[in-house]
Structures are given as structure tokens and as C-alpha cells.
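Chain residues, written in single-letter form:
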Amino acid sequence: MNLTLRVWRQKNSQDKGHLEIYQANDINEDMSFLEMLDVVNEDLIKKDIEPIHFDHDCREGICGACSLVINGIPHGGKKGCTTCELRMRNFKDGDTITIEPFRAKAFPVIRDLMVDRSSLDRVMQAGGFVSVNTGGVPDANAIPIHKEISDKAMDAAACIGCGACVAACPNASAMLFVSAKVSHLATLPQGKVEREQRVRKMVAQMDIEGFGNCTNYYECEAVCPKEISVKSIAMMNREYMRALVK
Amino acid sequence: MSTVQAKPVPSQAKVTFISSSIGKKIFQAVTGSLMFFFVVGHMLGNLQIFIGQDQLNTYAQALKDLSALLWSVRFVMFVCLVIHVWWGIQLYFENLFSRPIRYIVNTTVQASLSSRTMIFTGGGIFLYVVYHLLHYTFIVTNPQYAGLHDSLGRHDVYSMVVLGFQNGWISTVYFIAMFSLSYHLTHAIPSLFQTLGLNNDKTKSKFEVLGWLVAIVIFVGFSVIPAAILLKIINLPEGVL
Ligand code: FES
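Which chain is which? The protein sequence lines are H and W, in order. My numbering puts the first sequence at residues 1 to 246. My numbering puts the second sequence at residues 1 to 241.
Just chain H, same shape as in the assembly (with noise of 0.2 Å):
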């Protein structure tokens, strides 16, 4: 298939920036969208132009590392896909594809369609941990938990932290990816020793970054490659005004 891309190009973070058209010919549709953009490179490598840079790590949907924000939709809108699992075979040959990078003020472009997602690090580095004492490593089955209670915890448990969430806010809000690892570590008997004071510092951590307010419009959820539900941000709303009162 041959494909048209319209490709974010910025140099560092002080350019402008600005679209630039290149086209991707004889591509496989088994390819993945990473590995198209790979051999876009290579194409341009040899035409002596600098490749087009972009985040990638696992390439297998578990690290988080990729981005993009294919056609307006971040990983390009397959349910529950990250952009390196979603196949070429998505699109039709002779497709113009729009690329752009995650778009936030706490996520400043680095170069082309690479962002700075450290900001959700220093959320974690607030609150998204557990304390254990140090010694012996426990046992993983010393504290008995039920079985609908690890998978509640599992179904926040599985955000990846790419920040799509974030990237498809049409308010930049990061309340999904904050959401999920309260429920997460709220759920379980081990984050029940900080819970209240975990949500009020990543909840004002979240605020210090710059991401957005969250007003329930689900695009977050829309888009998220692991499938987290909104129930989660309900579920932080909830531990939030718990930690108020506590």
C-alpha cells in the first residue's frame, strides 16, 4: 500500500515547528505503524534527510513508550491498541495519515513526535508507591486478597503510563492516569496504610504540572490502549473527598 504522511517535524523544543509531507510506498499492511514509520526512515536516511524521531521501547503494547497521535486520535484510535500494535492494514492504500505528537503543556515536544512525559513521573514520585520496610522480601501470598479485589485493583493496575489519556483531553487533564494508580494502590491492603495522603499529593501534583481539570468528557477513556473506565477518576473523586474528612 502506498500512503501519504503529513509528519510534526520540530528540530528542539524552542522551534516553531510544522508539518512536512512525505510519502510511504510499498508498504506492507502486516507491518505495524512503528515499523511503517521505520521504513520511512530508512527512505530518508538515504536521501540524507534527518529521520523523523519518535518514542518506541517494547513494541509490544506493555511499556508505554510510544505515543503519536495518528489523524487527530492518540495510537490512532483501535480499541484498546497502542500505536506499535496497531497493524497497516487499518488503513486503506492511498490514505493521507496526519502524525502529531501528544499535545499538553506538561508534555513539551522534545523533537518531531518525541514529548517530555516526565511530568507524569513526578506525579508517581508524589504518591504512586507503596512503603515496605526494608529486611527479608515478603511473601507474595503473606496477605490474603480476595479474588474481586485483585482484579478490581488489576483493571487500574494495567495503565501503561503513555499518557494518551492526557493527549486526548480536549482539556490536557491527566486524571485517568492519576485515577488509575490511586484505585490501584487503594484498593489493595498494602497502599491502604497511605491512602489519604497518596491521593492529596498526586492529586496536587497533578495540579503543579499544568495538566488540565478533568470535566467528564471520556475522551480519555476512549482512546486508553489498557481499556481503564472512567470509574476509576469516580473512584479518586470519592478518595479525595474521603482524604478531606479523614
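Don't read these hints as lab results, they were simulated from the structure. None of the values given here were measured: they were computed from a predicted structure. Note that beta-carbon positions come from the ideal geometry of N, C-alpha and C, so glycine has one too. Just so you know, not all the hints are guaranteed correct.
From the derived model, a few chain W residues whose C-beta atoms are all more than 12 Å from chain H [stated by the list, open to error]:
id : residue
1  : L34
2  : F37
3  : L66
4  : L69
5  : V73
6  : F78
7  : C80
8  : L127
9  : T137
10 : L163
11 : Q166
12 : W169
13 : S180
14 : L198
15 : L210
A few chain H residues facing chain W, derived, Cβ under 7 Å [what the hints assert, rightly or not]:
id : residue
16 : S13
17 : Q14
18 : G72
19 : V130
20 : S131
21 : G135
22 : A172
23 : V203
24 : Y217
25 : A222
26 : A234
27 : R238
Got chain H sorted already, so can you dock chain W with the ligand onto it with the hints?
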């Protein structure tokens, strides 16, 4: 490559419940619901026009006589309105600035149109409330209403309403305002439950349906009065004007 650097934590102290994004949401939800209850009460009051002139004027007089209650409700509504509008505007701009560089291609996957137009429907309602107060409460725009009295010497609210809505322009503006209000509610009501943490996967679509049902009731409940007046189902009593 960027490296992860912890920002100093102390700045977090500046984020209080009220200034936090969740706190503001909760305030919007609470002030919004209080105003919603007022709107429902107002609607039930209005509908008494169908019983007749005497009933509506008696009701209006009774409200006036309960002046302590009336003024406390007015005061609470005023505070709610100010907070709701002020933070609505503030949130709108904060959210706008959270994405200083916009997307070239914008695709909406599932956000409803009503959720994306809250600031506009809300703005419409606010402007209408100001006009409405000038029209019927402070009687500034149509001063001739002030002299209307019924046979018992009470302020003739009934005739005032009928006279007002016999004017096609006033009724049209009213229909538009009630549409804005109802459309605002289709997002506001499900949103309220989400914000207060009372939502989950099972209830989500039910609250959305509830939002639409309530919106329809509110729209019909208010619009039926000017409609009845324009269709001459409700007429001016004998001897007025
Ligand atoms: S590269 Fe790891 S999730 Fe896509």
C-alpha cells in the same frame, strides 16, 4: 533525552481542597445541584398558572410573605450562581491553556456535544437569568407591570406573565434559554454523579439517560407556559389593561 527530575515537593502546600482541580469540580457539582433544585421548585411554582389567576397570585403573595425564607433562598442562589459562573469561566480558560499548541487534526471519539458546549449553554443561561430578573423580578425592562393588581389588591403576577409571553420575542428568547438550560443538564446530571464519586461502569449509561429525561421534563415544564399563552390557551383576565 530528558531525565527525570523530582520537582521540589513544598510547592504542593499551595494546592488546597478548594484550589485543587477535584475540589473545584466538587464545588461546581454542589452549586449546580442547588441551583437545579431551585429550578425545579421554580417550575412547580410556575405551573400553578394552569390552575388560574387566583392560585398563582396567592402563591406569589405567600412567597412574598415568607420574606425571610425568600431572601435566604435568593441569597444562596446568588452565591451559587457567582461561584458556578466564576469557576466555570476560570476552568474554561485553565483548560484552554493546558494545551497551548492545538492539534491540527481534531477528532472527537465519544465526548458528547453537550459536554463540549457547557461554557456556551451556561453563558446563555447566565445572560438569560440577568434579563429574567430585570424583566419579572425587578420589573425594569417593562415598568408597566408594576402597576398590575388583581381584585384583591395583590400584585397580579398572572397578568404580568401573560402579558410578557404574549410578546413573541420574549417567548422566543425564553424557549432558547430553556433549551440551553436543558441541554446543559444533559451533561450536568450524569457529570454530577461522576464528580461526587457515585458512578461506575454499570450506572454510567443509566445516569446519561436520567440526564436526558430530566432535561426533557425541565424543557417541557417551562416552555409549556409561553406555548399555552401564545396558543391562547391561557388568556389575560377580563378587565386588565
Ligand atoms: S512501544 Fe511499548 S507500548 Fe508501544
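Discussion item. Under the constraints set out in the numbered hints, which ones does this structure not fulfil?
Written reply: Violated hints (numbers, rising): 14, 16, 17, 19, 20, 21; every other hint is consistent with the structure.
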